[in-house]
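Undergrad: Sequence:
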Amino acid sequence: ARELLTLSSSTEEAAFGVGYWSDHWTYNTDLIESFNSVYPDRAKELLFEKKVFTYFDTHAFVRPRAERYTTQHTEMRQYHSIFIDEEKSALISHRREAKNKVRTHFGEGDILKTTLIDKILMLIVNKLSTLDPFGVGIEMEADKPSWYDALNGLPGLFGSAVSETFELKRLIILLRGLFLKWGVEADKQVPVIVEVAEFFEGLLGLLASNVSDLEYWDKANSLKESYRLRVRRGVSGDFKNIPVSKIQELFDLALTKLNLGIAKSLDATTGCYVTYFSHKAVRRDLLALEFTQARLPLFLEGFVHALRTEKDKASAIHKALRRSPLWDKKLKMYKVNASLADESLEIGRAKAFVPGWLENESIWLHMEYKYLIELLKNGLYDEFYEDFFRVLVPFQRPSVYGRSILENSSFIVSSAHSDKSLHGAGFVARLSGSTAEFIHMWLLMNAGPEPFFLNKAGALFLRLRPALCGKLFARGPKTAKRGVSTYSFLFLGKTRVTYINPRGKDTFGKGGVGPVSIRLFGPEGLIAEAEGGVIHSPYAEMVRSGKVERIEVILDKI
1261 ARELLTLSSS TEEAAFGVGY WSDHWTYNTD LIESFNSVYP DRAKELLFEK KVFTYFDTHA
1321 FVRPRAERYT TQHTEMRQYH SIFIDEEKSA LISHRREAKN KVRTHFGEGD ILKTTLIDKI
1381 LMLIVNKLST LDPFGVGIEM EADKPSWYDA LNGLPGLFGS AVSETFELKR LIILLRGLFL
1441 KWGVEADKQV PVIVEVAEFF EGLLGLLASN VSDLEYWDKA NSLKESYRLR VRRGVSGDFK
1501 NIPVSKIQEL FDLALTKLNL GIAKSLDATT GCYVTYFSHK AVRRDLLALE FTQARLPLFL
1561 EGFVHALRTE KDKASAIHKA LRRSPLWDKK LKMYKVNASL ADESLEIGRA KAFVPGWLEN
1621 ESIWLHMEYK YLIELLKNGL YDEFYEDFFR VLVPFQRPSV YGRSILENSS FIVSSAHSDK
1681 SLHGAGFVAR LSGSTAEFIH MWLLMNAGPE PFFLNKAGAL FLRLRPALCG KLFARGPKTA
1741 KRGVSTYSFL FLGKTRVTYI NPRGKDTFGK GGVGPVSIRL FGPEGLIAEA EGGVIHSPYA
1801 EMVRSGKVER IEVILDKI
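To convert, count from 1 in the sequence shown and add 1260; that's my numbering.
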């Protein structure tokens, strides 16, 4: 069986359901960050050199604006945005292998293979052309909302979300930072699918033209609709070189526009970012539209994404959240949204639930855990641990939580609910989103954000930077070092790391402790030891490849 697998290749299979969520693309940035934190020596090759990436081919497409805009009871709406192309469906069904892979020669040629940077540039120009008429949020143009599923009526109301605007800014900042770190030359040529390259150039010219937000919206959408029509059956298979200098120019212009939009989502009085918007379309004449904007109540989601890019404002953002109606004073937890009492049922099913229950004003663990991660990533350690011991499920009172505290829930009933006996109770066992966020939190607490890095000579190093509260360290006769505070975790699923903390202090903040010496052990005993908190090459690679069984790290005042 093992020999058979070595001769096999994998293929991705999927089936279209209903619509396209406007946030799913954002998780690509998480994957790039995660890969770079473990394989910084391979990240540049992955981005620029490996021509192994493909595109998923589909028969379900987004209609152009002229076809998806409709009138309901004298008001314009955006319904049934997706259509099925039967001709494309037949083309896909007649393929013998890898049916859902985009082909060259407009669907009749070989499977298109390209680089990751090419795919990311395609993603960036598509999202830059999907900003709403006020340049604030990214539109829900394909029948589905973003992360908050329960706002399933918002796409019909020309809805948009600033969460994805923050994410687009985050992706651009990440790429710009990697280009700088790697010393990518300005004249380096990046081969880009010709259809994407021409879309890129059109959008670059539009960004440089300094037009109004409404005119940008109209022209950017026209560029996107033209591009979508060109690639519906497939692509030509030709590539066009774009110099890095031109990519950087697009990044700079895009960040200027995104920052202006983000500033509009900020309530200067409260310091809170509005997450969701609906728009009312009014026809000026037969061809042109104008819009009015309505802001939905606050959602925790917007604060999470703001912390990912507005890092210089992190403390102020956290304080603003605590002052907002999203802070549940009784439970000392974060509600997923503020009151929807004044909103129409047309926004979606969120409005149908009583306050404090399910997808309306409850404590939605997935997003609350996301918020805690951002506190940690921004170095707000005191604020993080203040919440950590009262927000995380393992620290709930079982008699209140109502189920095992080793099991996450979809939501916890907030104090907005009319039945006080339910406040703090968890409902709908959940082992997906909130658990994944907990693992991410756990990794950041134990090892830090980028454990592996390259020195100036390109050698691989490992640096453990724990952010652990002193009370998490165990002390007693059964610990690794009797009578000494210790903490252990399994790194990369293979290597047990033990932090030895003689002073029992936090590993952050004033008076905190950090790594002062490290010892590596294999099956036959000590492999290497070093002063400080950095494991040098070649031992860093030995850890990454699982050849080190155990690491002991002595913590003390640095």
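It is worth saying that the hints were derived from the structure and are not from the lab.
Please note that a few of the clues may not be correct.
[Unchecked claim] Using 25 Å as the maximum straight-line C-alpha spacing, the simulated DSS-like pairs for lysine-lysine come out as follows: (1) K1311 <-> K1524; (2) K1304 <-> K1524; (3) K1348 <-> K1359; (4) K1680 <-> K1592; (5) K1304 <-> K1479; (6) K1637 <-> K1807; (7) K1379 <-> K1348; (8) K1500 <-> K1373; (9) K1359 <-> K1310; (10) K1716 <-> K1731; (11) K1517 <-> K1506; (12) K1611 <-> K1590; (13) K1448 <-> K1311; (14) K1304 <-> K1592; (15) K1590 <-> K1506; (16) K1731 <-> K1611.
[Said to hold, decoys possible] Simulated DEER-style distance windows between Cβ atoms: (17) L1520 <-> S1270: 18 to 28 Å; (18) A1275 <-> A1717: 40 to 50 Å; (19) G1769 <-> K1807: 47 to 57 Å; (20) A1528 <-> K1590: 24 to 34 Å; (21) R1763 <-> S1604: 49 to 59 Å; (22) T1334 <-> G1769: 30 to 40 Å; (23) K1311 <-> V1614: 29 to 39 Å; (24) R1543 <-> P1654: 49 to 59 Å; (25) G1769 <-> E1263: 49 to 59 Å; (26) R1555 <-> I1344: 18 to 28 Å; (27) K1311 <-> K1716: 56 to 66 Å.
Idealized CB from N, CA, C, for every residue including glycine.
Undergrad: K1731 and K1611 were given as a pair; does the straight-line alpha-carbon distance stay at or below 25 Å?
TA: Outside the cut-off at roughly 42 Å; violated.
Undergrad: Would the hint linking K1304 and K1524 be met if the CA-CA limit is 25 Å?
TA: violated, 35 Å
Undergrad: Checking one constraint from the list: CA of K1716 to CA of K1731, max 25 Å. Satisfied?
TA: Violated, at about 37 Å.
Undergrad: Between K1311 and K1716, does the C-beta distance stay in 56 to 66 Å?
TA: Roughly 29 Å apart at Cβ, these two residues miss the hinted range, so it is violated.
Undergrad: Tell me if the straight-line CA distance from K1500 to K1373 falls inside 25 Å.
TA: Cα-Cα ~14 Å, so holds.
Undergrad: Between L1520 and S1270, does the beta-carbon spacing fit 18 to 28 Å?
TA: Violated: the Cβ-Cβ distance is about 43 Å, outside 18 to 28 Å.
Undergrad: Tell me if the beta carbons of R1763 and S1604 are separated by a distance inside 49 to 59 Å.
TA: holds, 58 Å
Undergrad: Just to be sure I understand the hint, the distance between the Cβ atoms of T1334 and G1769 should be within 30 to 40 Å; is that true here?
TA: violated, 60 Å
Undergrad: Could you say whether the range 47 to 57 Å given as a hint is met by the Cβ separation of G1769 and K1807?
TA: At roughly 34 Å between Cβ atoms, K1807 and G1769 fall outside 47 to 57 Å, so the hint is violated.
Undergrad: Does K1590 lie within 25 Å of K1611 when you go C-alpha to C-alpha?
TA: holds, 23 Å
Undergrad: Can you confirm whether the C-alpha distance between K1304 and K1592 stays at or below 25 Å?
TA: violated, 43 Å
Undergrad: For the hint 40 to 50 Å, verify it against the beta carbon of A1275 and that of A1717.
TA: Roughly 49 Å apart at Cβ, these two residues keep to the hinted range, so it holds.
Checked against the numbered hints above, the structure breaks hints 1, 2, 5, 6, 10, 14, 15, 16, 17, 19, 22, 23, 26 and 27 and satisfies the rest.
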